[in-house]
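S.K.: Each chain is listed here by its residues.
Number of protein chains: 2
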Amino acid sequence: MDRQQLIDALNRGRAERHCFEDLDYARLTEAVSGHPRGSVILPDGVVIPGYPSIARIHSLSAGLREQFQGHFWAEEKIDGYNVRILRHRDRIYAFSRGGFVCAFSTDRLPDLMPLSVFETEPDLVLCAEIAGPETPYLEGSPPHIEHDVQLFVFDMMRAGRPGFLAQQEKMRLFERHGLPATRIFGRFRPADTEALRALILQLDSEGAEGLVLKAELDATRAKYVTGRSNVTDIRVCSEQLLDLPPEYFTNRLMRLALFVTEHGQQGDPDLERSLGRAFLAGLDQAVERSRDRGRVGHRYRCRFRERRNALHFMAHMAATGGERVRMAPGTPRAEDGYWVVAFERVFDRMTGTLSTALSGAIQFD
Amino acid sequence: MDRQQLIDALNRGRAERHCFEDLDYARLTEAVSGHPRGSVILPDGVVIPGYPSIARIHSLSAGLREQFQGHFWAEEKIDGYNVRILRHRDRIYAFSRGGFVCAFSTDRLPDLMPLSVFETEPDLVLCAEIAGPETPYLEGSPPHIEHDVQLFVFDMMRAGRPGFLAQQEKMRLFERHGLPATRIFGRFRPADTEALRALILQLDSEGAEGLVLKAELDATRAKYVTGRSNVTDIRVCSEQLLDLPPEYFTNRLMRLALFVTEHGQQGDPDLERSLGRAFLAGLDQAVERSRDRGRVGHRYRCRFRERRNALHFMAHMAATGGERVRMAPGTPRAEDGYWVVAFERVFDRMTGTLSTALSGAIQFD
Numbered sequence: 005m006d007r008q009q010l011i012d013a014l015n016r017g018r019a020e021r022h023c024f025e026d027l028d029y030a031r032l033t034e035a036v037s038g039h040p041r042g043s044v045i046l047p048d049g050v051v052i053p054g055y056p057s058i059a060r061i062h063s064l065s066a067g068l069r070e071q072f073q074g075h076f077w078a079e080e081k082i083d084g085y086n087v088r089i090l091r092h093r094d095r096i097y098a099f100s101r102g103g104f105v106c107a108f109s110t111d112r113l114p115d116l117m118p119l120s121v122f123e124t125e126p127d128l129v130l131c132a133e134i135a136g137p138e139t140p141y142l143e144g145s146p147p148h149i150e151h152d153v154q155l156f157v158f159d160m161m162r163a164g165r166p167g168f169l170a171q172q173e174k175m176r177l178f179e180r181h182g183l184p185a186t187r188i189f190g191r192f193r194p195a196d197t198e199a200l201r202a203l204i205l206q207l208d209s210e211g212a213e214g215l216v217l218k219a220e221l222d223a224t225r226a227k228y229v230t231g232r233s234n235v236t237d238i239r240v241c242s243e244q245l246l247d248l249p250p251e252y253f254t255n256r257l258m259r260l261a262l263f264v265t266e267h268g269q270q271g272d273p274d275l276e277r278s279l280g281r282a283f284l285a286g287l288d289q290a291v292e293r294s295r296d297r298g299r300v301g302h303r304y305r306c307r308f309r310e311r312r313n314a315l316h317f318m319a320h321m322a323a324t325g326g327e328r329v330r331m332a333p334g335t336p337r338a339e340d341g342y343w344v345v346a347f348e349r350v351f352d353r354m355t356g357t358l359s360t361a362l363s364g365a366i367q368f369d
Numbered sequence: 005m006d007r008q009q010l011i012d013a014l015n016r017g018r019a020e021r022h023c024f025e026d027l028d029y030a031r032l033t034e035a036v037s038g039h040p041r042g043s044v045i046l047p048d049g050v051v052i053p054g055y056p057s058i059a060r061i062h063s064l065s066a067g068l069r070e071q072f073q074g075h076f077w078a079e080e081k082i083d084g085y086n087v088r089i090l091r092h093r094d095r096i097y098a099f100s101r102g103g104f105v106c107a108f109s110t111d112r113l114p115d116l117m118p119l120s121v122f123e124t125e126p127d128l129v130l131c132a133e134i135a136g137p138e139t140p141y142l143e144g145s146p147p148h149i150e151h152d153v154q155l156f157v158f159d160m161m162r163a164g165r166p167g168f169l170a171q172q173e174k175m176r177l178f179e180r181h182g183l184p185a186t187r188i189f190g191r192f193r194p195a196d197t198e199a200l201r202a203l204i205l206q207l208d209s210e211g212a213e214g215l216v217l218k219a220e221l222d223a224t225r226a227k228y229v230t231g232r233s234n235v236t237d238i239r240v241c242s243e244q245l246l247d248l249p250p251e252y253f254t255n256r257l258m259r260l261a262l263f264v265t266e267h268g269q270q271g272d273p274d275l276e277r278s279l280g281r282a283f284l285a286g287l288d289q290a291v292e293r294s295r296d297r298g299r300v301g302h303r304y305r306c307r308f309r310e311r312r313n314a315l316h317f318m319a320h321m322a323a324t325g326g327e328r329v330r331m332a333p334g335t336p337r338a339e340d341g342y343w344v345v346a347f348e349r350v351f352d353r354m355t356g357t358l359s360t361a362l363s364g365a366i367q368f369d
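Quick note, the sequences are listed as chains A and R, same order.
Residue numbering for the first sequence follows our numbering, beginning at 5 and increasing consecutively.
Residue numbering for the second sequence follows our numbering, beginning at 5 and increasing consecutively.
Calculated directly from the structure, the hints in this document are not laboratory data.
There may be inaccurate statements among the hints.
Claimed, not checked - Once the Cα atoms are required to be at most 20 Å apart in a straight line, the calculated SDA-like pairs of lysine to any residue come out as:
| hint | chain 1 | residue 1 | chain 2 | residue 2 |
| --- | --- | --- | --- | --- |
| 1 | R | LYS227 | A | GLN367 |
| 2 | A | LYS227 | R | LYS227 |
| 3 | A | LYS227 | R | ASP369 |
| 4 | A | LYS227 | A | ASP247 |
| 5 | A | LYS227 | R | PHE368 |
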């Protein structure tokens, strides 16, 4: 992107300038001349494309038939947050979906993957999911990640070039550089409904989130999630029932019903109980928190290698989270060679509604 | 209300004129000079006040303490729809909450209560709930009403006068005229928390909706519902998840959690399962209806004594329900001395969303 295009985008409110230590960069808050929202513009004008949304299919059999013509690859969809990782001059950065340098992810990269890949592939951009119980962003975690965080690469780009590397090239680079990657389940055709049905049921029973299907010869992609991932999402977020858009919950209930009916799980008492519990356990906890502490919120904890990155993260939270984010006293705190950041995100509407209800006040509805 | 006030209200869009056979009346669509919305103005200018909203408490113990000073009566809250019943000239009418003559309720009154009460009490206005599996308005029904509909009087007014009759006078009239009334559980004080707790738990186990508490000496009133009534509401409406305001569901989940925590029912596996089933059974059925019939909707059936009332009702549905209401072919149909009206109310958003999802289409979210 040339300098004038960027200046125009900044003037029209479609881009924002930011800096992270000595890196000055811009991120697109809207699409600009073919570059999607979330794209990052580096100081030399090189554009790192925003990671595109992947469309969802709600019916496995009909979705495969309607969306794919030729072969496609099936990969695991991980329930984490998306980063793009790249080297610029001598430093390696992780950018969030929105195009910010993520101080947390950037800090932890040396723990999560071999960075030597950028020595032989300096223009590589790794698209990865970071997941685990100690992210500063997510309430839930895949069941197989017991502590801290892990990283899973699932796509690759070249800086300044649109599109992803082909599947075979990506897999070669995974292997050559020992990169941590999402599970790749193989190559399928639209008629392989039964194999994919068996696969998604296996993932459902493991507690995995689902599949991303990627056409081999064109840009077609689709995601398809397990029934249980919807219950999990509801469980980890029911404590903030009134603070999330209601569609968060209704969309997941619809997806769950579509999964259940497609895979013959109607009337399963364990599933019914787990769904009821997903709502009630979080809500009961919210009521108890409101009684005991006078507020409802979620406590996050994550750790940083470098104190200055912890401080960058805390400044970012203070700027974007406002009053709702309350750092624990003494944060960041040194522990086992890391800097631990602990904070609570307060759910305003849950806090207010429950406080009124428990006070004995009346309400017209 | 004098003629000029009514004309002003009509001109300002705060009242509407309607007729039902030879009765010309007006209803207030907004409050006008102290008369609440839903008030009915009869041809002689007599005002039948709109039935007021009753505020809700979410905590039994704190709510009693905060809302009531002296004695109050506890009555059963019935899960039906509200009517005001009165005689005008020689006919008896039932008006809906909004102030329309309800053709269905008006038609069925002779089956539901002794109308002779209006011979000795011509200016009496009975406030009643009509409930049962065969109303044209409701998807659910109290468990003890096995077929058709029943009527329960719970308040009385005098035409043209604001306020309700005192409890003792109301109870005397119930008895003297053999009127079907809601259950009255007795007279309590704010300190009677334990008795009321036992009562609401008894109602919860019966599947009743809850309590209305009415102060003896002033106009203070409050309602308090059982935990299970929230699960029931979700169960009967989950098939229309996307067609109701999302607050329908979130409010009930909040109330359920407040009930569960106040009454020590956390972690009850039967309750958890019933909540999960409440969502899933309706949603699974919606998916199956979408597959089998190409649309999602609820089928209603009710019966009328008089064919012309059935036709009035059908005309009202056509005027207010539009395309979404589909009368069954041959309606009204004569059966066992009644005229049966059967129709389906189609849920547009459920129909559209499920049809897209089942087609295999992709969706960005």
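S.K.: Evaluate each hint against the coordinates.
M.R.: Here's how the hints hold up against the structure:
1. R:LYS227 <-> A:GLN367: holds (10 Å)
2. A:LYS227 <-> R:LYS227: Violated, because 46 Å separates the two Cα atoms, which is more than 20 Å.
3. A:LYS227 <-> R:ASP369: Satisfied, since the Cα-Cα distance of roughly 11 Å is no more than 20 Å.
4. A:LYS227 <-> A:ASP247: violated (26 Å)
5. A:LYS227 <-> R:PHE368: holds (10 Å)
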